[in-house]
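Heads up: the sequence lines are chains A and B, in that order. The letter at position 73 of the first sequence is residue 73 when you use the working numbering, and the numbering goes up by one with no holes. The letter at position 27 of the second sequence is residue 27 when you use the working numbering, and the numbering goes up by one with no holes.
These aren't lab readings, by the way, just hints derived from the structure by calculation. Remember, it's a predicted structure, so these values are computed and weren't measured experimentally. Among the clues, some could well be false.
To be verified - Here are the simulated DSS-like cross-link-like pairs (lysine-lysine), alpha carbons at most 25 Å apart as the crow flies:
(1) B:K57 / A:K49
(2) A:K58 / B:K1
(3) A:K49 / A:K68
(4) A:K69 / A:K58
(5) A:K58 / A:K42
(6) A:K49 / B:K1
(7) A:K69 / A:K49
(8) B:K1 / A:K42
(9) A:K58 / A:K68
(10) B:K13 / A:K42
(11) A:K42 / A:K113
Unchecked claim - Covered by chain B, according to a simulated footprint, are these stretches of chain A (three or more residues, beta-carbon under 8 Å):
(12) 43 to 53
(13) 82 to 96
Stated by the list, open to error - Stretches of chain B that chain A covers, calculated by requiring three or more beta carbons in the stretch to come under 8 Å of a beta carbon on chain A:
(14) 30 to 42
(15) 90 to 100
The beta carbon of each residue, even a glycine, is placed where N, CA and C say it ideally should be.
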Amino acid sequence: AQSVTQLDSHVSVSEGTPVLLRCNYSSSYSPSLFWYVQHPNKGLQLLLKYTSAATLVKGINGFEAEFKKSETSFHLTKPSAHMSDAAEYFCVVSLMEYGNKLVFGAGTILRVKS
Amino acid sequence: KAGVTQTPRYLIKTRGQQVTLSCSPISGHRSVSWYQQTPGQGLQFLFEYFSETQRNKGNFPGRFSGRQFSNSRSEMNVSTLELGDSALYLCASSGTDQETQYFGPGTRLLVL
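Let's have the full structure, built from the sequences with the hints guiding it.
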């Protein structure tokens, strides 16, 4: 079965330092993977999507993610954290066998210190 | 284009009551999905509708139901509310790229 595991429930960084949010996936085929962000009391915003066209995917707000099949990973990175990046981030896999369904990781809360 | 809208944004109900939540997808999107978000269980898939037909269903009891109208707007209904139904209910729509879902702000339901 397809699933994602986010390796850290909380990550804390200082403003201006790099961000790394880790995600491993499990899939019997090449999956479609996403990162979404949720700010407090808000809905989910799509950051980026991987669909096998390119292993390095650029998203909004300076985020990018690299798909590594050998490591079954899809880690999210940003070179320099901003205070506004503080939020919860979800790694997500899409299941299209019967209709459309997203399976979410447990989420990683990113804290950005000034 | 306007995003996904959900009404109401906040709702307080008591146990045993029923509730109906509404979702208007992005214009032109025909697929609407619903998710429940709770601190304990995270984000869980409820169901998906496409062209007024339920195409996929998650592992929730029959108290949770939904429907989609010809204009792609969708409603979900929860009957005989339980305390554990307190959650943020998120609606998402997708268009020609059916895998990519765009989420609304959610409806926060509190069951007392």
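Hint by hint, here is what the structure shows:
no. : hint           : result
1   : B:K57 / A:K49  : 24 Å, holds
2   : A:K58 / B:K1   : 23 Å, holds
3   : A:K49 / A:K68  : 14 Å, holds
4   : A:K69 / A:K58  : 18 Å, holds
5   : A:K58 / A:K42  : 23 Å, holds
6   : A:K49 / B:K1   : 20 Å, holds
7   : A:K69 / A:K49  : 15 Å, holds
8   : B:K1 / A:K42   : 19 Å, holds
9   : A:K58 / A:K68  : 15 Å, holds
10  : B:K13 / A:K42  : 21 Å, holds
11  : A:K42 / A:K113 : 21 Å, holds
12  : 43 to 53       : holds (count 6)
13  : 82 to 96       : holds (count 3)
14  : 30 to 42       : holds (count 4)
15  : 90 to 100      : holds (count 6)
Going down the numbered hints, you'll see the structure goes against none, and every one checks out.
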